Structure formats: C-alpha cells, structure tokens
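Produce the entire structure from the sequences given, and follow the hints as far as they go.
Residue numbers (UniProt numbering), protein chains in the order written: chain H, 1 to 370; chain W, 1 to 370.
Keep in mind the hints are simulated off the structure, nothing from the lab.
Here the structure is a predicted model, which means the values were calculated and not measured.
All the pointers check out, no bait thrown in.
Pairs involving identical chains hold if they fit within one copy or between any two copies, as the list cannot separate such chains.
Restricting the straight-line Cα-Cα distance to at most 16 Å, the calculated cross-link-like pairs of lysine to aspartate or glutamate (EDC-like) are:
| id | residue 1 | residue 2 |
| --- | --- | --- |
| 1 | Lys-33 | Asp-130 |
| 2 | Lys-71 | Asp-15 |
| 3 | Lys-81 | Asp-266 |
| 4 | Lys-338 | Glu-362 |
| 5 | Lys-87 | Asp-266 |
Chain residues, written in single-letter form:
2 protein chains.
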Amino acid sequence: MATTGKQLFTTLEEDGTLTVAIEEVSFPDPTGKQVLVKMEAAPINPSDLAILVGGADLENAEYSEGKFVAKMPEQVNKGSKARHGMKLPAGNEGAGTVIAAGDDAEAQALMGQRVSCVPGNAYSQYCIADAGMCLPLGDHSAEEGASAFVNPMTALGFVENAKMDGQEAILHTVGASNLGQMLTRICQEDGIGLVNIVRKSDQVDLLKDIGATHVVNSSDDDFMDQLTSAIDATGAFYGYDPVGGGKLVDTAFQAMERVAVSRMTDYSRYGSNQPKRMFIYGRLDTGATILTPGYGFGWTLSGWLLFPFLQSVGQDVMGRMRQRVRDNLTTTFASHYKERVNLEEMLTKDALMDYSAMKTGEKYLVTPWS
Amino acid sequence: MATTGKQLFTTLEEDGTLTVAIEEVSFPDPTGKQVLVKMEAAPINPSDLAILVGGADLENAEYSEGKFVAKMPEQVNKGSKARHGMKLPAGNEGAGTVIAAGDDAEAQALMGQRVSCVPGNAYSQYCIADAGMCLPLGDHSAEEGASAFVNPMTALGFVENAKMDGQEAILHTVGASNLGQMLTRICQEDGIGLVNIVRKSDQVDLLKDIGATHVVNSSDDDFMDQLTSAIDATGAFYGYDPVGGGKLVDTAFQAMERVAVSRMTDYSRYGSNQPKRMFIYGRLDTGATILTPGYGFGWTLSGWLLFPFLQSVGQDVMGRMRQRVRDNLTTTFASHYKERVNLEEMLTKDALMDYSAMKTGEKYLVTPWS
Chain H
1 MATTGKQLFT TLEEDGTLTV AIEEVSFPDP TGKQVLVKME AAPINPSDLA
51 ILVGGADLEN AEYSEGKFVA KMPEQVNKGS KARHGMKLPA GNEGAGTVIA
101 AGDDAEAQAL MGQRVSCVPG NAYSQYCIAD AGMCLPLGDH SAEEGASAFV
151 NPMTALGFVE NAKMDGQEAI LHTVGASNLG QMLTRICQED GIGLVNIVRK
201 SDQVDLLKDI GATHVVNSSD DDFMDQLTSA IDATGAFYGY DPVGGGKLVD
251 TAFQAMERVA VSRMTDYSRY GSNQPKRMFI YGRLDTGATI LTPGYGFGWT
301 LSGWLLFPFL QSVGQDVMGR MRQRVRDNLT TTFASHYKER VNLEEMLTKD
351 ALMDYSAMKT GEKYLVTPWS
Chain W
1 MATTGKQLFT TLEEDGTLTV AIEEVSFPDP TGKQVLVKME AAPINPSDLA
51 ILVGGADLEN AEYSEGKFVA KMPEQVNKGS KARHGMKLPA GNEGAGTVIA
101 AGDDAEAQAL MGQRVSCVPG NAYSQYCIAD AGMCLPLGDH SAEEGASAFV
151 NPMTALGFVE NAKMDGQEAI LHTVGASNLG QMLTRICQED GIGLVNIVRK
201 SDQVDLLKDI GATHVVNSSD DDFMDQLTSA IDATGAFYGY DPVGGGKLVD
251 TAFQAMERVA VSRMTDYSRY GSNQPKRMFI YGRLDTGATI LTPGYGFGWT
301 LSGWLLFPFL QSVGQDVMGR MRQRVRDNLT TTFASHYKER VNLEEMLTKD
351 ALMDYSAMKT GEKYLVTPWS
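Following this line, the structure appears as structure tokens:
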C-alpha cells in the first residue's frame, strides 16, 4: 500500500514563470537498497535555493496557501533552458525515521532507526533514500542530524583536498557561516592553518570565541594589511569562496601575491612563482567573477562541488569522513538555525524573503510535520 | 678586455616616469658555461612589451634619439612597485654569433657558431648567454633563428601539457598569431584536434591555407554556434588564451558547457560534470577577466607561463622539444615579421605606436647592427 504525504515541487516554464507548490503525492514502496524515510527536519542551504527560487522576483510574486508564482529574470531564465517545463523536487538533505525498507540487508538494518539522508527531495513528508548514503543518528534528534551531510562533508572535503594538494593552511572567504565554523573547528583539530574573512566585528568575536586564530574583517580600513599578514603567518596560498561574484577571489589572489613578492629576492616582470589556488564552491553573489591582472600567472581558480569531489576520493575516504561527522555531530559539526518552518510556512512571503537573503548565521530548518 | 656596445634599458621611477633609452655599456668576459653572443636579430614579443612599455602613454611621450620618456598610468604604476628605480634590460630571446666563451666545454663548443639564445637582454648589441640554453642554428640565418624559443616552445608546451592532461584536442583563442600558426602545424603533425578562434575572415583563410580544420570567426553573427559545433566535433574542453581581459575565456567556457549539456541525459541544477579547463598565457587585454555564472562548477582557469612549465617537465622533455624546434625551424616553427628596426629605430614614436598595438601578424624584429 503506497504512502501518501505532502511534497514541494518547483517548476519553471519557458516564459519564465516559476511555480513552487506543495502537493499531495504517493511514495512507492522501497526496493533493494532503498529505504522510506519519514522526514522530520531538512535545512535550507544556499545550494537548495538555486533550484527553489533561483533569482525569481519574490517581492512581486503571487502568494497563496502552500504556493507561490513568481517571474524569473530573463537572463536567468535563458540560462535555465534545461529545466523548462520540468517539475522538480528540492531539498538536498534532511533527517527522519526509516519506516520501510527494501529487501537488501543494508536497507533492512536501518528499519526503525533515525537517519540523516541525502534524498534530493527533502522538502517532503516522506522520501525514498539510498541506504548506503544514510547515516544512523542513534539518540540524536532529527534537528541535530538534519545538516549532517552537505556542510560537514564540504568542510571536511576542503581539508581533505588541501592535504591531498600538500597544503598546510586554508583561506576561507566567509568565515562565520555554519560551514565556516565547522571548518574552523576541523582545522584546529587537524593542525591546519586557517585564515577566516568575515564582514562584521561580531563575526570576528564569534570565531575567536570558538578558537580561531586569524580572523580578518573586510569592513576594516586596514583589511588588506590584515589579510596579507594572516596569509604570511599561515602560508595560506589556497582557499575556498562561496560568494563567486565580484572581487573577493581577486582580493585573495592579490593578498597572496603581495606576500609572495615580499619573499622574493629578485624582481620578475611575471610576478611570483608561488602557486596561488582558489576554489569557488557557491554563488551567493550571482554576478560575474572579476579577476584583475597584477598577480602574474601563477594562479589557478576552479569551481568546486561536493559530489564530484566525493566521487574522486572514493568509498574509503568518504566512509572515514562520514564516521567523523557521526562521532562529532553536536560538537565539531553542530549547525544552528534561526527559524523552523513547515512546508506551507516555508512558502510564505515573509519566510522566503528572509531565508533567500542567505544572511550569515540565519539558516532556516524545514520541519514537515510541525 | 671588455667588449662595449649599445644596450636598451627601461626604468620606472616611483612617480610613474618611464624612461627607455639606449646606452653604451661594457660586457664582461664570459666565464664557465657562459658565452658572449653578438646579437643579430631579436623579436619584439608581447611578453617583452610588458617590461618595455607596460601601459605607458606613448602618444604623449617625449621622444629623442635612442630614448623616450613616458608617463605610466597610476594604477599600473602602483602595481609595479617592485621595479621602481630599477634599471632593467629587455628582450627575452634572439639569435647571433658566439664571439667568446667560458672555459666549460659546453661553452667552448659553441665558439664561432650562430645560435638562438634566451638572454633576457636581447635588445642589445651583445649578450651574455647560458650555453645550455643556446640552440646552434647551423646554416640558418639569424632572422630564421631569432624566435626559436618563446613561441615554438610555448606552442609545443601547450601540446605537451594537453597530452599530460589526457586531452586529445585544444582550443586556441587567437588562432592567426605566429604562435597560433605554429600550434596549427604541431597539432596536425601530432594528430591533436584544434579549434582556432580568429577575428577576421582573411585569418580564416590564412589558417585554412596551412591546413586548419576548425577555424571560427568571432566577428560572424553565428560565432557561438560555430564555436559550439567545433568543440563538439573535436572534444576541445581544454584551451589557451593570450588575451586575458574581457570575456573570451568566459565565452569558451560557455560554449564548452553548451556542448556538455547537449550530451547529458538528466537535468542537473549544478551544470555538467564535464571538466572544462582554460589557461591564460598572456595579457593582450590588460582589463579584468570576466567570468559569468552559467557553466556550473566543473571548470578550472589558470595562468600559464613557459618557464615554470619547462621547469616542471624537466631536462629530457625540454631537450626533445628543442630538438624538434631545431629540426623544423623554417617549416613548423617559421615566424614572420612586418618590420626590421635597429635599437634607435625601435624607440621612435612611429615604431612604438605600431608594434605596441600587438596586431596579429605584425611582429617587429630588432636588428641591433643594421
């Protein structure tokens, strides 16, 4: 007998009309390694917002119970051709209780347990999830386990990737985010140097309180000097940026080059030979990335995404990373939420305008049964 | 007894005054593996222009016999702190005859021979060069051997690097340059696919005449479709760009992603997983590099410079590359020049305004004894 429940869907039509709505749907019985999870808590991450609202005009949208209809800007709509007319689920990750399982032993072993999972349709009362990607939460609450995948594995991934590349220090351009706080704790535990960039003095305090050594405030007049000193002290010629648009990456490269040039004994018209590496792992700013000349040719900038990275490292490394998350869920990998909303509440104008601003430290949690 | 002769020097003062002048200097006797080369021909490459004139205001400079004094724009001057007050030579490469040699056998073996060399002060009547970097030219003229290093080794380097990265095709954004023509011939010889971007229809003809298959013209209305088709046909998700500023790299990534998405069976909010790789190896446009969103996170952009690349591949590979250049100097690696100027003539306003425009196919050759 099929289970029925509410699920969120997002649909972009060719004319740029975006419809996001809660529908009553039926969920199939799980087979093989699948489990059926009754979802109890799912975070709204920046990576979810891209599919949920994109750049849609939320101010002038039409709102009704469990639904909104908005216009997508023409440029964004043109770039979204591939999803035109498709009704898509949303919500990368969440936590809930396994209420049915496929025949496979791995799935059966999870029956009745609370798990963290990565179903891709977590804004839903039920989800089909892959048992291999489920993390049993033991006595932890759903809220404690809701964000056990995307941010923890990304933060751990940064450190794994840095180690693989022979680095002993990392620069992070949005230090005070949930992810940034996790990264701060991981780097302390692993003895990796970390330079955190933040935008406000209370964010400096927040990170210093959890033990960060190098926190530089981009609102300060001497920001560039602070950043240069911190890079010099740590050797962080390698960093991660979730903003994407604008000049933040450029600023990081400039500061790195300034340190490298200060260490050179001879002048070179080509700049330093010090390799400088940055990764863009998000698009909090959807504007263009601006790279100015002035730091020579010894730099590399890449996009970075969690799933391709996990595929590249393989099962063993990924298993070790997940175990570490599970063992430290309420300490190293603790997340904090500003608000809890159910599926209908998450589609009200007030909630949407608030969480789509993606302000640091103001994450929402969706609780589909509240 | 010291040899005396004319040499060009470029000096940037802290206040932004750039002085480029010919001086009479004395050259020391070569020792060890050094040789003294009487320089006969040296090309003016874009990489030389950065140190020679930078972004100086050549229109309003003061010109006198063998000298000009110009103002550097404030932004460029600020970024050039490391060279303030330094009197620097210029001219990466050239060809001439060895008239004295150090005691080392490698140096002695070159006595009396015409060689191509990479002294870094090739705009000079004499140069001290490292015997290990000299390429004996046999019966070739100095003009034939003048550009035997920078462009040939760079073009070969692109192909070597692509092969090392498992690529079977390359995109080159300035196809009709001397370097682009070499790359076209190398790719044919090595069976590597090549997509050439050019800006004019006569450049399409030029490259087709030397056997290029995929030449796309950025001035055509259907440029983006041409580019996409050529990438699809060759699999060139890997390319090199000497322009740097503006949106050329962005356009390449967009076209690559368009091909990758057309090959996908499922929609992904993150774009394709197809790795897309571009290298910036010059700054013909000194404006900012603009990277728009729209091609996901599966891309990497790096600076690329010849000398660090050669260091990374080691002596054996470099030796093999140099041998190939020597064996094919007047065919695969032939360069063409628009004008020949002596040291005084290269500092006249007419010459400077012309060669500093770096127009495709309009390279100058400096002949210090003419």
